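Chains B and H supply the protein sequences, listed in that same order.
Be aware that the first sequence starts at 1, since it is given in my numbering, and climbs by one per residue.
Be aware that the second sequence starts at 1001, since it is given in my numbering, and climbs by one per residue.
It should be emphasised that the hints constitute simulated quantities derived from the structure, not laboratory data.
These numbers were taken from a predicted model, which means no experiment stands behind them.
Note that CB positions come from ideal geometry on N, CA and C, so glycine has one too.
Treat the hints loosely; a few may be bogus.
Here are some of the chain B residues that sit facing chain H, going by a computed Cβ distance under 7 angstroms [claimed, not checked]:
1. G12
2. G16
3. T25
4. W28
5. W66
6. E69
7. S71
8. C82
Covered stretches of chain B (chain H as the covering partner; in silico rule of three or more C-beta atoms under 8 angstroms from a C-beta of chain H) [said to hold, decoys possible]:
9. 47–61
10. 83–91
What follows is the residue order along each chain.
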Amino acid sequence: MSVKKHLKHVKGKKKGGITLYALSTCGWCKKTKGLLNDLQADYHYVDVDLLADDEQAEAVAEITKWNPECSFPTLVIDNSRCIVGFKEQEIRGLLKDAE
Amino acid sequence: MPNREISEAQVDAEYQRLKAEAESGGYHLNPDVAFTKDLIRGLLANEARYGHGACPCRLASGIKDDDLDIICPCDYRDPDLSEYGSCYCALYVSGAILRGEKAAQAIPERRPPESERRGMKAGRSPRHFTTRETSLAYPVWRCKVCGYLCAREEPPEQCPICKAKKERFERFM
Ligand code: SF4
């Protein structure tokens, strides 16, 4: 899908299979990015509010599959589960054993 | 949609204005100034791109009528302050968080999902409120943001407590 081409890759040492759906204006999203960077995570992210309408609708449909409230930040892990919100301990746990 | 550049001076000025306004109404901005200013930058960005200051931590539709409940301060701020000590974005916090006795943290979303919001809108036309007969000398209006009540022909242009605009009032009695 075309939202994929807007995913930005942040290179890091630890691969957790993370895709972060965020808003450019949101404080908790910024904290989530900061934490992932501190943990040297390798991840992809997209600021959904900056997408054009059709791509935004696509992103919303994708997020809603994982998180019916479509709230931000939503982290999708390995295309199999998600973490909703800035849950610091859970995110740390995710990357603890990652290489 | 491109994120328009908001200058540091604009953010500072809005921060001072909002802080004074909050304190005068008994509310408090988050004492983490850097975090708070980032949110205010987001609010100003939303104001610039949508024409209304939609919540920085929620995806706005850009249609004012659909975003009315999340124009800052949103309809969910006060219940969230009571239950969790901060609003969803943690722009506004309780006295305990202001004094450093408690830390602000991410809280669950209180806004109903879109499917439910549509239902709520359909079930409550403004006419329902304006044509209702009562024995009161004046209708009573309620500010949906802070709960302020006033008895007069029309709601005030701005809520004297939380500064929400007239369109955020509902007929209460
Ligand atoms: S009061 Fe808080 S949660 Fe509500 S719109 Fe403003 S910043 Fe967002």
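Hints and how they fare:
1. G12: violated, 22 angstroms
2. G16: Since chain H brings no Cβ nearer than about 19 angstroms to G16 of chain B, farther than 7 angstroms, the hint is violated.
3. T25: Status holds, d = 3 angstroms.
4. W28: The hint holds - W28 of chain B has a Cβ within 7 angstroms of chain H, the shortest such distance being about 5 angstroms.
5. W66: violated, 14 angstroms
6. E69: Nearest chain H Cβ about 5 angstroms off; hint holds.
7. S71: OK, holds: S71 of chain B within 7 angstroms of chain H, min 5 angstroms.
8. C82: violated, 14 angstroms
9. 47–61: Satisfied; 7 residues make the cut.
10. 83–91: holds (count 3)
Going through the hint list in order, the structure does not satisfy hints 1, 2, 5 and 8.
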